[in-house]
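Chemist: Here is what each chain is made of, one letter per residue.
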Amino acid sequence: MMDNPQDQQDDTPQKKEAVPGLEDVLPLNAAMFEADEILPVPFSVDISEPQHKHIGLLERMLAQENEGTPPPAQPPKAEYHPDSFQRFLRLAIGLILILTITANILYSNRSPSAALAVPSEIVQTRTILRGLSSESMVLVAFDYEPGFSAEMEPLAAAVFQDILTTQAVPVILSTSPLGTLQAARLMQKIQPPTARQPIYLGYLPGGAAGLMSLTNSLRNTFPLDVDGESPWLPDSANPKLQAINSIADFAAVIVLSADAENARNWLEQVQPALNKTPFIFALSAQAAPLIRPYLSGNQLQGMIGGVIGAHAYQEPKQPNAMLQMTWDGFAAGVWVAVAFIVCGSGISLVLLSDPARKKRRKQRQKRRLP
Amino acid sequence: MSRIDALGLGFILIFAGGMLIFHLLIRKWTVFSFRSITGLARLRQRVLSSIEDGKRVHISLGKHSLLSQEGAAALAGLRLADEISRLSALSDHPAHITSGDAPVSILSRDGNKAVYRNMDHEERFDPCAAYMSGVTAFSYVAGSLAEVVDPQTAVNVLLGGFGSEIGLLADAADQRQTLTTCGTSSLAGQSVLYAVADQPLLGEEIYAADAYLQPQTTQTSAALRMQDIFRWMLVVLILAGIAARFAGVL
Amino acid sequence: MTRWITPISTAIATGVGIIVLVGYFVPAAWILDLRALFLRWAVILAGLTLLVGIFNLLAVHGRKVYSLNKESWSSLALIIALVGTAGVIAWQQTHSAAALWILNWILIPAESSLMAVLAVILIYAAARLLYRRKTVFSVIFLVTVVIVLSGSVPFWGTFIPFVHDRLLGWIISVPAMAGARGLLLGMALGIIATGIRLLTGNQHPYDG
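Protein chains in written order, with the numbering used here: chain G, 875 to 1244; chain D, 106 to 355; chain U, 484 to 691.
Keep in mind that the hints were calculated from the coordinates and are not lab data. Any given hint might turn out to be false.
Unchecked claim - Below are the DSBU-like pairs computed for lysine-lysine, each with C-alpha atoms no more than 35 Å apart in a straight line:
#, chain 1, residue 1, chain 2, residue 2
1, D, LYS218, U, LYS553
2, G, LYS1150, G, LYS1063
3, D, LYS218, D, LYS160
4, G, LYS1236, D, LYS160
Next comes chain G alone, as it looks inside the complex:
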């Protein structure tokens, strides 16, 4: 094994130069700095009275330290535990909500409690969906996740019942990874044995880019369905799909979405390519208000928003069973929430007027900041 060559050669540039890499610098000579004695330098310092006190304090502290008395044992730093009262309050809210909703679901008479005014967009949706025929192919997009099933399924059921009654064929795609499964679950619940089988195109990834691709070329975006077969061939399960070359060829396009941003993507990427094909949204309560302005711009032909929209959509003579089961519980839950918010706000105002609490709160907030 070879030694490092730099260790063997003393005449490397680094050794020659005083500062490595810099030429024309005088070399250091240790002998120059050898001193025989250290000369005392006379100096005087003026110390003020407070400085004297500080010196004395420091000397006392050092003396105490040297005495060897161990510092009193500090109690171990307690780990943070969430405020138990807060936890109790949350638990109480949760329990009261569960009890109220459950009691209302169990003991509900399941008849519409109050007649809702039916907005024009819901009337339009009904007209479009009930005007479909057995020749119609309807594109339905499932764009909600399992967490929103409780809200979205009654909506989807209301829409699908009309589609299935007219014997139109639903062509289902999903922009959420679990959308196809959600659609299959809904079909299992509401599909009568005589209804037409839907066609599952599958999952469309890529957000807005995926939707744009769908608009540009439907067949290239979905060359295969979920079963791995081409739905566009003449010998496929539903030969009527042969007539569909772009999304504008569908009798209607329906989007079931829980997210306003995703719904807006549909409006921006897909709607301009639809020409005269009706475009309908069934949205969650949080998304509906943000999409409503598009109705007045005529970019949307119909819309149902939230459980309330689904309640307004259903015919009083043919109530939606899935919706009837939850409507009373939903209404009761909303009123319990209102009661908690009003009472909580009132109590907060009373507590805030207490100066001692105010001080404690400020201290707590201060502690949080570094």
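Add chains D and U to chain G, keeping to what the hints say.
Modeler: For chains D and U alone, kept in the frame of chain G given last:
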């Protein structure tokens, strides 16, 4: 090209030109000061003090697709994540980054790796520090909650495309009393944050976050300056439109 | 330090971005064809990255299992669930009975529970809002919440007059919508700025 298309293209070109001019101006002569945004004011200080304390910063970038408009919020989060990763790279507990969108998670991992490479410490790069914690909104939140409530986590930065589920993360961070900066591009998410979080970032504030962490970046400053100018132009246009409507011109 | 690949990546990203953007405004056939091709690639890549993300998740939890700490058991459960579900989907169809069973009895209950927890958190947070932040805006926020909630559903079978008929619709379509549009306009400017920074190569989140 229709009139609307021409208008759109013109808008983008003017915006880009303005950004370029401001970029050059700021680099040469001026140093702009930013208006105070409470949620961002102490972020750098908080991140640095958590590193000093031997604690970790957790950054969550949301679940919205990078290939949609909301992807811009994830990109703003990624810029911030890169800067925090740079600050904490050589500490005992480098930053952890979670997301709910696969392309965002790949980019966050890539950015994290680049930070170490630029520091000549690629061997310290941890491939598991940035990951996709779930595919659906709630599975992503459930996966990220583990990082939020981790005792090693002292600062939580929730910045990107979240829906209302951000309430779960912000509340968990609040319960653990960690320092939290949160903002989302979704309006539903913002309304939830207003109730749940102490100092949420609202509206376009999330796109300014990295400028507050790294104020010397001229590109971000130029972009913010152009946003301010265009915002005022829009305000004037809207007011002019209202006036014209009342006057019967429109 | 800039790697040799970074300028190439930036050039590709800028080129693809500009073609897709120009395709919006200039309806030339070759640009539209090229844009359609890039979008199809984007869709395929987005699907593939999902797989990469899932393998990454598997690696993260695999390491947690290996480290044998208190989180190991939950990580092990996640890996078993992930592999089991993938096995079921691979063995049967995407919308098979087994896949539906997983959706019905595991996914929907778990995610709905989180949604329910979120509802409790929101009620609690709204009730405490004035304690946290005593401002005029908090009061406006709470009053709006109460009006919208109480105007939406009937109370003992009857809708509250005026609140349900007029106030609710007015709040949603005038002040709430105006605020939402203001926020959206501000965010749109932020999105444009971010897009321009990407297109000009000012920001490139693909260094590695």
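Chemist: Would you pick out the hints that fail for this structure and give their numbers low to high?
Modeler: The structure conflicts with no hint, since it agrees with every one listed earlier.
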